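Participant: Sequence:
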Amino acid sequence: LSKHHFDIVLLDLSLPDKQGLITVTKTHEVVPDLPIVVLTGLNDRVTALEALRKGAQDYLVKGKIDSELLMRTIRYAIERANTMKQLRQSEEQLQRLNEELEHRVAEQTDELRQKNQYLQEEISNRKSLEEELRQALNKEKELNDLKSRIVSVVSHEYRTPLATILSSAELLEHYSHKWSSEKKRRYFQRIQTTVQHLTKLVSDVLLFSKAEAGKLEFKPLPIDVVALCKEIVEEFKLTAKTGFTINFNCIDNSKETSCCSNQGWFCKADLDEKLLRQILSNLLSNGIKYSPDGGDIQFDLIMSDDSTMFRIQDSGIGIPPEDQERLFEAFQRSSNVGTISGTGLGLAIVKKCVNLHGGEICVESEVGVGTAFTVTLPLHSSHYSAKPNT
Numbered sequence: 002l003s004k005h006h007f008d009i010v011l012l013d014l015s016l017p018d019k020q021g022l023i024t025v026t027k028t029h030e031v032v033p034d035l036p037i038v039v040l041t042g043l044n045d046r047v048t049a050l051e052a053l054r055k056g057a058q059d060y061l062v063k064g065k066i067d068s069e070l071l072m073r074t075i076r077y078a079i080e081r082a083n084t085m086k087q088l089r090q091s092e093e094q095l096q097r098l099n100e101e102l103e104h105r106v107a108e109q110t111d112e113l114r115q116k117n118q119y120l121q122e123e124i125s126n127r128k129s130l131e132e133e134l135r136q137a138l139n140k141e142k143e144l145n146d147l148k149s150r151i152v153s154v155v156s157h158e159y160r161t162p163l164a165t166i167l168s169s170a171e172l173l174e175h176y177s178h179k180w181s182s183e184k185k186r187r188y189f190q191r192i193q194t195t196v197q198h199l200t201k202l203v204s205d206v207l208l209f210s211k212a213e214a215g216k217l218e219f220k221p222l223p224i225d226v227v228a229l230c231k232e233i234v235e236e237f238k239l240t241a242k243t244g245f246t247i248n249f250n251c252i253d254n255s256k257e258t259s260c261c262s263n264q265g266w267f268c269k270a271d272l273d274e275k276l277l278r279q280i281l282s283n284l285l286s287n288g289i290k291y292s293p294d295g296g297d298i299q300f301d302l303i304m305s306d307d308s309t310m311f312r313i314q315d316s317g318i319g320i321p322p323e324d325q326e327r328l329f330e331a332f333q334r335s336s337n338v339g340t341i342s343g344t345g346l347g348l349a350i351v352k353k354c355v356n357l358h359g360g361e362i363c364v365e366s367e368v369g370v371g372t373a374f375t376v377t378l379p380l381h382s383s384h385y386s387a388k389p390n391t
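Basically our numbering = 1-based index in the sequence shown + 1.
Hint data in this document are derived by calculation from the structure and do not stem from the laboratory.
Nothing here was measured: the structure is a model prediction, and the numbers come from that model.
Don't take every hint at face value.
To be verified - Here are the computed distance ranges between Cβ atoms for each label pair:
(1) Asp271 <-> Glu92: 34 to 40 Å
(2) Arg76 <-> His175: 27 to 33 Å
(3) Glu274 <-> Asp306: 18 to 24 Å
(4) Thr194 <-> Glu174: 17 to 23 Å
(5) Gln136 <-> Lys211: 21 to 27 Å
(6) Val364 <-> Val106: 29 to 35 Å
(7) Arg76 <-> Ile23: 40 to 46 Å
(8) Val368 <-> Leu222: 47 to 53 Å
(9) His104 <-> Asp67: 52 to 58 Å
(10) Arg76 <-> Gly369: 33 to 39 Å
(11) Glu232 <-> Arg76: 40 to 46 Å
(12) Val370 <-> Gln115: 40 to 46 Å
Claimed, not checked - Calculated cross-link-like contacts (lysine-lysine; reagent style DSS-like; alpha-carbon spacing at most 30 Å):
(13) Lys290 <-> Lys352
(14) Lys238 <-> Lys352
(15) Lys201 <-> Lys290
(16) Lys55 <-> Lys231
(17) Lys184 <-> Lys269
(18) Lys220 <-> Lys86
(19) Lys211 <-> Lys179
(20) Lys201 <-> Lys179
(21) Lys352 <-> Lys86
(22) Lys269 <-> Lys116
(23) Lys116 <-> Lys184
(24) Lys86 <-> Lys55
Backbone N, C-alpha and C fix where the C-beta goes; we use that ideal spot for every residue, glycine too.
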């Protein structure tokens, strides 16, 4: 089993001396991600439940199996095993992040010890060394604070999704044999959606950690900005909750004319596509998240000879004036978000991506009316056309 790939194990529990249960345990230990479906007799439900506790995904009663039930059971067992594997991988990513942060703190502590020793040896340079020591202490404190905040935020944001996954998995484990295929599918979709949310959370934390360490790469290449914006809008239209409308409008600032899709406008500009996706996706996501009653999201792309401007406006809860000054700092959230979940990292990531482009971001907001974010990125090389891009 450890040397070859198998999609699933069908195991008959009707073996002498309870060898079937031992086989379930050993198989789960050797290949924990391999789904196991056990076969049991009509009067042996207790043994089947014991097998589930030892790691089996599901069980079938011999004599009551038809081809449809068999295929459905196999499919659900494989899907459930894959989902749990993704969850474990997300947890492993989080563990690696914690280890990386601890390593960074250890490096700073070692640097601090070296500077302390140097201070004792070079009394004549006491004032300058004291300043360096103060900066090192502040940096170490910032790293410790950063680690604590990340662990606290991630732990809090993980709690509800993990509870959702656990409860859904337990319900599937104990009652799936009584449920319709549609109900089972809904629960599997709930687990998969939650795992995707956790994966996005880990990705955001890793990206922010890279940016804080100065390791976030900036690789500008010629891209069609109009096409990229339309692609992102279409992605959000597919996943956004009902009640939202995203209106995309492209404007040539020199002509003051609206750029409709049938005009075939495109803008070739040297920008980092990966970072630009982060900027626009976070701003659109926030516009939807903080508009709990739905409404219109207006997305304007305003092009000029030396810059490209992106303006995203929602009709959501708005941001109080006193919260706007620190809005782009890590872990800062508006005081009126209520029960809307979030890490406070999204706008901090946006700000860092904008800075790498040498651009600017500003916010206009009114509580109860909505919020508009405007990102301006300078263009060192660009080309506009009102003709179809061939």
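Participant: Against the earlier hints, flag every one the structure doesn't satisfy and list their numbers going up.
Facilitator: 2, 7, 8, 10, 11, 12, 16, 17, 18, 19, 20, 21, 22 and 23
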